[in-house]
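Chains as they are written, first to last, in full-length UniProt numbering: chain A, 1 to 248; chain B, 1 to 248.
Please keep in mind that the hints were generated in silico from the structure rather than gathered at the bench. There's no promise every hint is true.
Remember, identical chains collapse to one label, so a pair may be satisfied in a single copy or spanning two.
Unchecked claim - Straight-line Cα separation of at most 25 Å, SDA-like style, residue types lysine to any residue; simulated pairs:
1. K202 - T14
2. K202 - A11
3. K202 - A16
4. K202 - Q167
5. K202 - A110
6. K202 - R13
7. K88 - I223
8. K88 - Q219
9. K42 - V184
10. K88 - R245
11. K71 - D244
12. K88 - C217
13. K202 - P12
14. K42 - P103
What you are looking at is a predicted structure, and each value in this text was computed from that prediction instead of being measured.
There are 2 protein chains.
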Amino acid sequence: MPTRDSTQIEAPRTAARICRALTEQIDRSLLPPGGRLPAERKLSELFATTRITLREALGQLEAQGLIYREKQRGWFVAPPRIQYDPLKRTHFEAMVREQGRAPGTEVLSAQQIPASAAICEMLALPALSSVIQIRRARSIDSRAVLYVEHYLNPAYFPGILDFDLRQSLTGLYASEYGIRYGRVQFGMVPSVLHRQAAAPLKVAEGTPALHITRVNCDQHGRIIDCDLEFWRHDAIRVCVDVPDRAEV
Amino acid sequence: MPTRDSTQIEAPRTAARICRALTEQIDRSLLPPGGRLPAERKLSELFATTRITLREALGQLEAQGLIYREKQRGWFVAPPRIQYDPLKRTHFEAMVREQGRAPGTEVLSAQQIPASAAICEMLALPALSSVIQIRRARSIDSRAVLYVEHYLNPAYFPGILDFDLRQSLTGLYASEYGIRYGRVQFGMVPSVLHRQAAAPLKVAEGTPALHITRVNCDQHGRIIDCDLEFWRHDAIRVCVDVPDRAEV
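One chain only, chain A, in its complex shape (with noise of 0.2 Å):
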């Protein structure tokens, strides 16, 4: 083929070699994870390129989710995703520990409202109902991964605003209500962050996340409450293995 000289044919392939290079740092763990990459400047000498390619080259890493970056911080290399099983009966908190890895829970708000129309089909409440509504930002070795809203029924809960949020729900409403979850449906659509879920999570508004929606029964069939989860795009990794039927 003859040589071309052409920028525009030359950018994609070196921004393609960029993602390839510094993929491979990362695999191998010679950029370790959390670690931060050289400055933008460094890194367009060192790959002999402009700026422009140099970002265009980082933004399909962070879409790929292998790096992200902090305001003001720079460049840094994507933590381990966290493995999110729907059918493993776990909760947030025992999820992350189990892997190695150091919960955090935020309480952003607190309180009861009216549910709106979303809601009330969600949770088969009546047209102007009220609900207990609990809005979290959770962490996951100190970075801010996830924001959850929590809608609850209040008839199941009395009280339960005067509890520290923080802890495990799951845990707050075995020991003080008597429910555990039992039906669970899990719906999981690719989406991008509101504006109320990006500001705790300390990205811009629109950053590509996993919208996961739980609605929840307890161990009657009753519908006690559902969240509303939006994920770091990075973040997560849900995996579900299913068995062959014949072991079932």
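Could you slot chain B onto chain A? The hints should help.
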């Protein structure tokens, strides 16, 4: 609150107002699935706003999967998402038909190739093995929504490249090789379309996607193949209904 006339403050509010208005029209089916939106020029007149603000609003709705853009054709209301349930033992064609939609399959390439290290690992093959790679684009109601690479252990599927590979591989495995799926392991991460996946889906490289990896065993517990699926982010909703432990 005092009125402020700064465009910097007004633009996000206007964009939010446009999003709400269009979402409402879509929710009530005044703009039906698959329907085309009026031209951007008309929409900016209607909402008395600039093209920039209008595009910001349309971009937000696109990220949420409510509308999508076709090159040189304009904006369309996204069709309903297909419900993808990893616990249901089905395949693409059956799943799409069961939901009242029309599946389509295009074979992009089919050949025996040296397996990459990643594929060797997934199929538990020794280094420098060869595999059968089948690349397909799959559509729902004539809209290409899924790019998939199948990798088959050639030991179990002699001569498979001679068949019409537009048909369901699940069906072909059963009818020609006496092989049915046993245990299946799913992994799902939000990602973006790489160049090879974006082209057959007729969208730009870097478009948001849900990347689903399946590693499939047969009824004897042997790993027979794996699938790397890239779904348009707006075409799929993963749902998992986990029954109460006591009911299982």
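Taking the hints in turn, this is what the structure says about them:
1. Only between protomers do K202 and T14 lie at most 25 Å apart by alpha-carbon distance; the minimum there is 24 Å, versus 31 Å within a single protomer.
2. In this assembly of identical chains, the alpha carbons of K202 and A11 lie at most 25 Å apart only when taken from different copies (22 Å versus 31 Å within one copy).
3. In this assembly of identical chains, the alpha carbons of K202 and A16 lie at most 25 Å apart only when taken from different copies (21 Å versus 29 Å within one copy).
4. In this assembly of identical chains, the alpha carbons of K202 and Q167 lie at most 25 Å apart only when taken from the same copy (22 Å versus 47 Å across copies).
5. Taking the shortest alpha-carbon separations for K202 and A110, only the intra-copy value of 20 Å comes in at or below 25 Å, while the best inter-copy value is 45 Å.
6. Proximity of K202 to R13 under the C-alpha cut-off of 25 Å is restricted to the inter-copy arrangement: shortest distance 21 Å between copies versus 32 Å within a copy.
7. For a Cα distance limit of 25 Å, the shortest separation of K88 from I223 qualifies both inside one copy, at 19 Å, and across copies, at 23 Å.
8. In this homomeric assembly, K88 and Q219 come within 25 Å of each other (Cα to Cα) both inside a single copy, at 16 Å, and across copies, at 24 Å.
9. For a Cα distance limit of 25 Å, the shortest separation of K42 from V184 qualifies neither inside one copy, at 49 Å, nor across copies, at 45 Å.
10. In this homomeric assembly, K88 and R245 come within 25 Å of each other (Cα to Cα) both inside a single copy, at 18 Å, and across copies, at 10 Å.
11. In the homo-oligomer, the alpha carbons of K71 and D244 never lie at most 25 Å apart, since the shortest distance is 47 Å inside one protomer and 44 Å across protomers.
12. In this assembly of identical chains, the alpha carbons of K88 and C217 lie at most 25 Å apart whether taken from the same copy (16 Å) or from different copies (21 Å).
13. For the identical chains of this complex, K202 and P12 are inter-copy neighbours only, at 19 Å across copies versus 30 Å inside a copy, given an alpha-carbon limit of 25 Å.
14. Taking the shortest alpha-carbon separations for K42 and P103, neither the intra-copy value of 34 Å nor the inter-copy value of 49 Å comes in at or below 25 Å.
Of the numbered hints stated above, those contradicted by the structure are hints 9, 11 and 14, listed in ascending order.
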